[in-house]
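Protein sequences appear in the order of chains A and B. 1 is the number of the first residue of the first sequence in the UniProt record's numbering; add one for each residue after it. 1 is the number of the first residue of the second sequence in the UniProt record's numbering; add one for each residue after it.
What the hints contain is simulated information worked out from the structure, not anything from laboratory work. One or more hints might be untrue.
Said to hold, decoys possible - Short derived list, chain B residues pointing at chain A, Cβ under 10 Å:
#: 1; residue: G12
#: 2; residue: D17
#: 3; residue: G23
#: 4; residue: Q120
#: 5; residue: G131
#: 6; residue: F135
#: 7; residue: G150
Note that the Cβ used here is the ideal one computed from N, Cα and C, for glycine as well.
Protein chains: 2
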Amino acid sequence: MEKGKVYGISLGPGDPDLITLKGYKLLQTVDKIYYPGSIFQDGRKSSYSLQIMEDYDLSEEKLVGFYMEMTIDRVHVHPVYEEAFQNMQKDVSEGLDVAIVCEGDLSTYSSFSYLLEKFQQTDIPISLVPGISSFHLGAAEIQQPLALLGETIHVLPILKSTQVLEDALKVSDTVVLMKIRSVMRHIQPILEREEINFTYCEKLGTTEQFMTSSLDKLQERTIPYFSLLIIKKNKQA
Amino acid sequence: MEKGKVYGISLGPGDPDLITLKGYKLLQTVDKIYYPGSIFQDGRKSSYSLQIMEDYDLSEEKLVGFYMEMTIDRVHVHPVYEEAFQNMQKDVSEGLDVAIVCEGDLSTYSSFSYLLEKFQQTDIPISLVPGISSFHLGAAEIQQPLALLGETIHVLPILKSTQVLEDALKVSDTVVLMKIRSVMRHIQPILEREEINFTYCEKLGTTEQFMTSSLDKLQERTIPYFSLLIIKKNKQA
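So that you can see chain A by itself, here it is in the shape it has in the complex:
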């Protein structure tokens, strides 16, 4: 029997219509779709990927979740990935075509990379379908170019110090800060400066989407996991 294929498919940042046509068509034709999700301490399960796919009218039989405990100790996730990987390998050896989905873009801060690494150590054919990153949706929603011709973009996840942001602002026209929850209060003095334009974006692409460029409104906010800042230097300053 001929072996199946594996497809890594980016779902985009939340709005189900922001998947690519390519990704959408593949989800309709593959035999199985593996999606990641979270298990919380109270045992409740949730999957952002599954939520996005609910719009696609996919047969429930082909959907397979792999759920990870939401703990800071990441050691729990490895056996989950390994088990999902083993199951996918088995599917492929039985001739099935398998999709692995992820939110956003699969090359950009995605845990899909851990599975990719495993597949790259096999001879299983794999194809990747890129997706819209949250910061690309952010720029479209705030209706400000992320970068004009000649401008540079700097994407910083998990800021290690305010100096890193200061340095980035020196050399870059646009700085995107991802995963800002824990660093918000440290960077507020920078956002207060006159020459800085910023837009805070929360839960982009969902019905709960919220954006503001007001520091006052931002200070009142409880920052969720899915949030980012787009910072631009004011050319007039």
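Could you slot chain B onto chain A? The hints should help.
Quick look at chain B alone, frame taken from chain A:
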């Protein structure tokens, strides 16, 4: 009569299937689609956007091109944008829904920004649909993460000096260089270094797509406009 709406729609990097579902659906429903193109010195016209849309089975009557002379002196483009903008305004006032398309993502190095600026000075409602950037497709095609959790990304268009690249490599894990044609020979000594991993990508998403990580092969290459480099520092080094 009610006024129409304007949609800025990203077509993605070349493969017609890499448009979003959202963009695709809007192209089917709007009344007019404005697309940019180039006029060459011999009078020949060409539009990369139109080429992508040929796959979408759109009624020819709703397609309107605006073509710009391919000269270094950018002064010629402004009247073309202004005329297209005036025509779109007229359409909208007649109640038509209008799409403006662009290659790649409309917020990322796109000349769509010039039109956006004009619309932002009117009260015409405008919605933007993001798209896949060429560097996201590049990362998917080379099957290497653009960035893992905690890694930074630096996007540099039109390198001003090798020092800018040296500085970016000091602070960033991944550096994306766009529009490399004119700077290729200056950055070769950097690419030769042992700790540097690079992949050169050309005409991504088209049937002429070409990628290499070999410096020898890259040196033989005539670099076209649609090309980029993804550079990563080797962690083991």
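Hints and how they fare:
At about 7 Å, the closest approach between the beta carbon of G12(B) and any beta carbon in chain A falls short of 10 Å, and the interface hint on this residue holds. With a least beta-carbon distance of about 4 Å to chain A, the hint placing D17(B) at the interface is held under the 10 Å criterion. The closest approach between the C-beta of G23(B) and any C-beta of chain A is roughly 9 Å, which is under the 10 Å cut-off, so the hint is satisfied. The restraint placing Q120(B) at the interface with chain A holds, with a minimum CB-CB distance near 7 Å, inside the 10 Å limit.
For the restraint placing G131(B) at the interface with chain A, the shortest Cβ-Cβ distance is roughly 7 Å, inside the 10 Å limit, so the hint holds. For F135(B), the interface hint holds, since its Cβ comes within 10 Å of a Cβ in chain A; the closest pair sits about 9 Å apart. Against a cut-off of 10 Å between C-beta atoms, the interface hint on G150(B) holds, since the closest Cβ of chain A lies about 5 Å away.
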